Every structure is written in C-alpha cells, then in structure tokens.
Amino acid sequence: MSSKPPAVLTGPHYWDGDYACAEGAIAAGCRFFAGYPITPSTEVAERIAERFPLVGGTFIQMEDELASMAAILGAAWGGARTMTVTSGPGFSLMQENIGLGVMTETPCVVVNVQRGGPSTGLPTLTGQQDMMQARWGSHGDYEIIALSPSSPQECFDLTITSFNLSERFRLPVLLMMDECVGHMTEKVVVPKPESIKVLPRRWYRGPRDKYRPYQPDADLVPPMVRAGDDYRFHITGLTHDQRGYPVINAACQNLCVSRLVDKIRNNADHITLLDEQDTAGADVVVVSYGISYRVATKAIADARKKGIRVGSLRLVTVWPFPEKRIRELASKVRCLVMPEINLGQMFREMQRATVGTGCRTLLVPHCGGWVHNPNDILAAIVEGTK
Amino acid sequence: MKEIEPVERHPHEEYLRMDRIPHIWCPTCGLGTILNAFITALKRSDIPRQDIAIVSGIGCTGRTAGYVLMDSFHSTHGRALPYATGLKLANPRLKVVVISGDGDLVAIGGNHLIHAARRNMDLAVICANNFNYAMTGGQFGPTTPETARTTTAPYGSYEHPFNVPFLVDSCGATYVARWTALHVRHLTTCFGEMLNHKGFSFTEVISPCPTVYARRNRLGSGLDLLQFYRENSVIRNNIDTRECDIRFQAQMIVGKFVQKEKPTYLDMMNTYLAEAVGKKFVPYVGPMDPAKE
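From first to last, the protein sequence lines are chains A and B.
Here the first sequence stands for residues 288 to 673, numbered as in the numbering used here.
Here the second sequence stands for residues 21 to 313, numbered as in the numbering used here.
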C-alpha cells in the first residue's frame with residue numbers, strides 16, 4: 288500500500304468550483320500547468336501547486352499570461368496534457384497564443400473564471416462578459432469549443448470533458464466559469480478512477496516516414512505525435528499545408544482555415560451538451576448558462592406557481608452555439624428569455640438562431656458585480672407570455 | 021592555395037528541409053552562416069538528432085525553425101522562450117534550442133528573456149542581432165545603435181540600446197557569449213559548448229542585414245559588413261559584460277563572457293520539492309507515451 292495520495296480523490300468533498308476544477312484536471316491526467324495569478328481564478332493554481340508534487344505533475348508560475356499560454360502549447364507538443372487558468376484581463380493576453388493553439392491544432396484547456404469588466408473592472412465580483420471574447424478574441428476566422436459550468440460538481444466534471452474535447456478535436460478548449468461558480472462551495476462527488484472517462488491523445492500510428500502533421504482523418508482532425516520521437520516534424524502559426532510547411536497564398540489559406548472551422552462545425556452535434564427541462568408544451572423557455580441558470584431556476588419555479596408553462600434550456604456547451612436546438616424550440620414556443628451577466632452577448636446569437644421563426648426573444652441584462660434578482664427574470668417570463 | 025572543389029549536394033542536407041530550399045534569406049545575410057555553424061556543432065556533438073527541438077519566434081531569424089529537419093516550432097512573436105520552457109518541462113529529455121532575432125527575443129519577448137535567464141531554465145538561446153526589424157522592412161529596435169538610420173528612425177535612432185550580454189548576465193544566465201557571423205569557428209565551438217551546457221545559455225550573434233539595415237545606413241553589402249567585423253571585432257573573453265556596449269560602426273567586443281555552473285530550474289524544483297514534500301513527493305511522471313496508450 289503506497290503512502291502517496293491518489294491522483295483521483297474518490298468520494299464526497301465540500302469544495303469550491305476553483306478547487307473542483309483543479310481536481311478535475313488532475314483526474315483527467317493533466318500533469319503540466321503554467322499560470323499567472325489573477326483573481327478570482329487563483330485558487331485553481333494554488334490547488335494545482337499544492338497537489339502536483341504529490342501526483343507527478345509540473346507546475347510553473349510564468350511571468351505573465353502570454354507566457355502561460357505559450358508554455359502550455361509547447362508542453363502539449365512535448366507530450367503532456369496541459370492547462371492554464373485566468374480571468375478577463377489575463378484572458379485578453381492569452382488570445383494571441385490561443386490563436387496559435389487553434390492554428391497548430393494543439394490540445395489544451397484554458398479556464399476563465401470570469402469577473403466584471405471591461406479592463407480591470409471588478410476583480411472580486413462576478414460577470415459573464417467574456418463570452419464573445421471566448422468566441423472571437425483571437426484574430427482571424429476560427430471555431431472554438433467553450434463550456435460553461437454552473438456548479439462546483441460541474442467544474443469538476445466539465446474540466447474532464449474539456450480535456451476530452453481538446454484531445455478529440457485537437458484545439459484549446461475554453462472552460463468559461465464565473466466568479467460565483469468558482470467561489471461557491473458545494474458538495475462535489477468524485478467518482479472512482481475507473482468510471483472517469485479520459486480520452487487518449489490521437490496518436491499517429493502509421494509509418495514514421497509517412498507522417499504529415501496536418502493530414503486529417505475522416506473527421507477532419509489530424510493525428511498527433513510528440514517531440515523527441517524522431518518524426519522531425521515542423522509546425523507553424525503561418526498558413527500551412529499538410530506537411531506543416533508555410534504556403535502563403537489564397538488556395539492554401541482556403542484549405543487550411545476551412546478545415547479548422549469545419550472540423551468543429553461538422554461535429555457540432557458531438558460537442559453540444561444541453562440540459563433541457565420541461566420544454567415540451569412550454570410557452571416560454573428560459574435559456575441560460577453558468578451561475579445565471581441557478582438564479583433562473585428560482586424565477587422558473589415562481590412562474591410555475593403563477594400557472595405559466597415555462598421550460599428551461601441550459602447551455603453547457605456555449606461554443607459552438609447550439610443554434611439547431613434553439614431554432615427547433617423557437618418554432619414551438621412563444622418566447623425565449625435569456626438572463627446573462629452582460630448587456631447581451633449570447634443573446635444576440637440566440638436572436639440570430641431564431642430569425643424567421645416568429646419567436647420573441649427577451650434579454651434580461653446585468654452589468655455584472657452580482658447575479659440577477661430572480662424577480663427580473665420572472666418579469667421577463669411573464670412578459671414573454673403576452 | 022588549394023582549389024575548393026564544387027559540390028553537388030549541400031553538406032548539411034541531411035539536417036535541412038531541402039524541399040523548402042531556396043530559403044527566404046537575402047544574399048550575404050548572416051543567418052545561413054549561423055545555421056551552418058549550429059548544424060556543424062550539432063553533428064560534432066554526441067546528441068542524437070531526435071533529442072533536439074528547435075523553437076523560433078517571428079522574423080527573419082524566426083524562419084530558422086522551418087528549415088531544419090528536426091522537431092521544430094515556429095511560435096508567435098516574442099514567445100519562443102515560454103513555448104520552449106513548456107516543451108522542456110514537459111519532455112525534460114529534450115535539448116531545446118531557441119533560435120530567434122533581437123527584436124523577437126529582446127523587444128517583444130524581453131520579459132520572457134529576463135525570466136528564463138533568472139530561472140536558469142535549461143535552454144540554449146541563439147540570438148541573431150541584425151540591429152533592426154528586417155522582416156518588416158527595417159525599423160529600429162532595442163538593439164539599434166544610436167544614430168543608425170531605419171525606416172522608423174529616418175533621422176537616426178536616439179534611443180539608448182540594450183547591451184544584450186550584460187542584460188542576460190545580470191539576470192542570471194550561466195553561459196553568455198557574443199560573436200559575429202564572421203567568427204564561424206568560434207561560433208561552432210560556442211554552439212557546441214551551449215549544446216553541452218546545463219542551464220540557460222545565450223549567445224548574441226551580430227549578423228549582417230544587407231538589404232535593409234546596411235543599405236539605409238550606406239554600409240555596403242553583407243561582405244562589406246563582414247570585412248568591418250574583421251577589422252573592428254576585439255576578442256576579450258571573460259570581460260565584465262558591462263563593458264560590451266555596441267556603438268554605431270565602432271569597435272565591438274566579442275568573446276565568451278560567462279560560463280559557470282548553477283542549479284537549473286529543474287534541478288531546483290526537484291531537489292527542493294523532494295526535501296520540502298518528503299516521502300510524498302512524486303517527481304514529474306514525464307510526457308504521455310504513445311506506446312503505452
């Protein structure tokens with residue numbers, strides 16, 4: 288019997304979302320972490336710094352978020368499963384190398400425990416204002432995957448899901464937490480290691496001399512190798528061909544960028560995770576994510592007491608935006624209501640998805656710093672029945 | 021004098037991506053010479069090629085990673101060092117070599133440079149200094165000598181430049197040298213020493229940029245610049261790096277300035293944690309292994 292603590296702390300715990308995220312990463316096999324302190328995400332890095340020396344991981348605190356993001360990309364090509372954690376201002380700095388991660392198809396997880404912005408904004412108070420930055424923060428055309436947990440349990444579970452999606456589709460996956468979920472302490476049940484599904488890397492298994500870094504499989508995702516195994520491969524952030532060589536012309540750009548986008552768009556159904564309740568026969572559906580879902584459940588319960596037929600659609604996957612399901616719902620219900628702690632970011636995506644259905648859409652905005660008053664969401668639900 | 025026999029094949033072709041030749045570097049640019057010296061040093065060393073990884077940033081020198089037939093990474097502007105740091109820590113068996121330019125490493129990547137040196141991160145860094153941003157057409161940077169003309173300093177630069185060896189020395193680098201693209205033998209020896217050095221090694225290589233820097237300053241061709249290096253380089257090994265300032269077209273000190281032993285980042289991490297954490301310490305498990313998954 289080893290005296291060393293196990294990597295997976297099976298059993299019930301009383302953890303906040305940040306700790307749960309760190310434990311989820313360890314359970315998913317993350318053994319390299321680079322980060323820079325920033326409120327309200329720091330507890331993730333603190334937990335990792337404490338736990339990694341006990342489970343064979345390497346933690347490094349870098350000089351800034353540019354470096355943190357670059358380091359996890361380099362480490363991923365070294366063969367490690369890697370993560371970094373930040374909040375809004377640091378997320379801005381990471382965008383440069385998130386783009387490199389997308390372009391070079393590098394699996395890794397980037398956690399953003401969102402706070403109020405713009406700029407330094409509200410370091411200690413909540414926000415959901417980086418949702419569009421998650422989608423479009425780096426320059427150029429690309430598709431990204433982002434998930435949004437609404438409880439510490441989900442911070443654990445979805446961190447593992449994020450790693451699996453990053454390995455499956457080979458790109459940085461963004462876990463869009465918020466300050467409330469990150470600092471909320473609840474029961475988190477960690478399963479036994481054998482019941483945690485962790486996808487392996489898509490290792491290249493063909494002959495060594497035939498390896499081409501960007502020759503995709505049928506699902507448009509290329510298999511990967513790691514540095515040090517004599518494949519003599521080259522990767523670049525420049526537009527490149529299947530060999531990974533830069534080719535600076537419109538034809539290669541079309542091939543390169545189309546595949547990066549299509550590997551996500553064509554597989555959207557495999558990426559989209561939704562939590563749907565009582566939408567059949569509903570007049571109004573509340574579409575929400577993250578902490579706003581938790582507040583919305585109170586408004587939904589109150590609306591039911593008033594006899595309103597109201598359902599809930601929680602976006603677990605926020606990017607790619609689950610427009611197919613939104614459109615189906617919009618053709619059946621009178622109104623879609625979206626509370627979010629910003630002045631309308633995912634709401635515009637929802638509006639776009641409902642065009643032509645005749646369904647009303649109502650935004651319940653909030654500038655950040657605190658969650659909604661459930662009565663504001665309730666008022667929108669009531670308005671939606673009219 | 022012995023006639024030099026013409027060769028049909030590039031002497032280093034087994035180490036180059038010959039399907040990417042011709043390269044984009046200008047005639048009489050120093051970057052080919054630097055790469056040549058590096059590959060010669062690598063061949064002379066006993067390090068297997070698969071244990072070498074090359075990381076570059078952006079710029080003329082940043083293209084180096086694309087020409088070497090080894091695991092090679094062309095990262096973002098300024099971020100070669102943190103990228104290389106992650107690569108090294110994730111796969112400590114690798115000898116990670118960063119080859120990039122002065123603008124990339126010292127300007128936009130300056131913060132990473134000082135911290136990589138401070139940590140004594142186990143990286144070999146070759147910094148080609150051509151005194152300007154050449155890829156974008158020749159703008160001044162933090163190494164441009166005072167009064168030198170560039171496209172964004174049309175009347176001459178009035179900024180104080182970095183003394184790069186002093187910068188990295190003061191931050192904790194354990195091997196610091198400066199040579200020019202003329203000093204091929206010194207460079208080859210130097211790169212060999214860097215490949216065998218434990219910790220953060222750094223060599224600044226003064227390199228002619230005939231197309232933009234030299235032309236704008238009416239310094240002639242790359243060959244003229246090599247002639248200038250020959251007449252104006254003074255080898256002074258072990259000199260105090262504070263004395264290594266470079267002034268415009270003036271005498272220039274080159275040599276090996278620092279070579280010392282100090283625990284590297286990985287040494288520090290493993291030794292310290294083993295003691296502080298005790299029996300419960302589990303050293304880094306290493307990268308995931310395709311053969312075992």
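The hints are simulated quantities; they were obtained by calculation from the structure and are not laboratory data.
Fair warning: there could be bad hints in the mix.
As the list claims (entries may be wrong) - Stretch-level coverage of chain B by chain A, calculated; a stretch enters the list once three of its residues show a Cβ under 8 Å from a Cβ in chain A: (1) 57-65; (2) 195-204.
Claimed, not checked - Simulated pairs of lysine-lysine, DSS-like, Cα-Cα distance not exceeding 25 Å: (3) B:312 / A:497; (4) B:280 / A:484; (5) B:312 / A:479; (6) A:497 / A:484; (7) B:280 / B:218; (8) A:479 / B:280.
Said to hold, decoys possible - Chain B is faced by these chain A residues, among others (derived, beta-carbon under 10 Å): (9) 343; (10) 354; (11) 356; (12) 360; (13) 361; (14) 523; (15) 611.
Bear in mind the structure is a predicted one, so any value in this text is a computation, not a measurement.
For every residue, glycine included, the Cβ atom is placed at its ideal position computed from N, Cα and C.
When the hints from earlier in the document are held up against this structure, which numbers fail?
1, 2, 4, 6, 8 and 15
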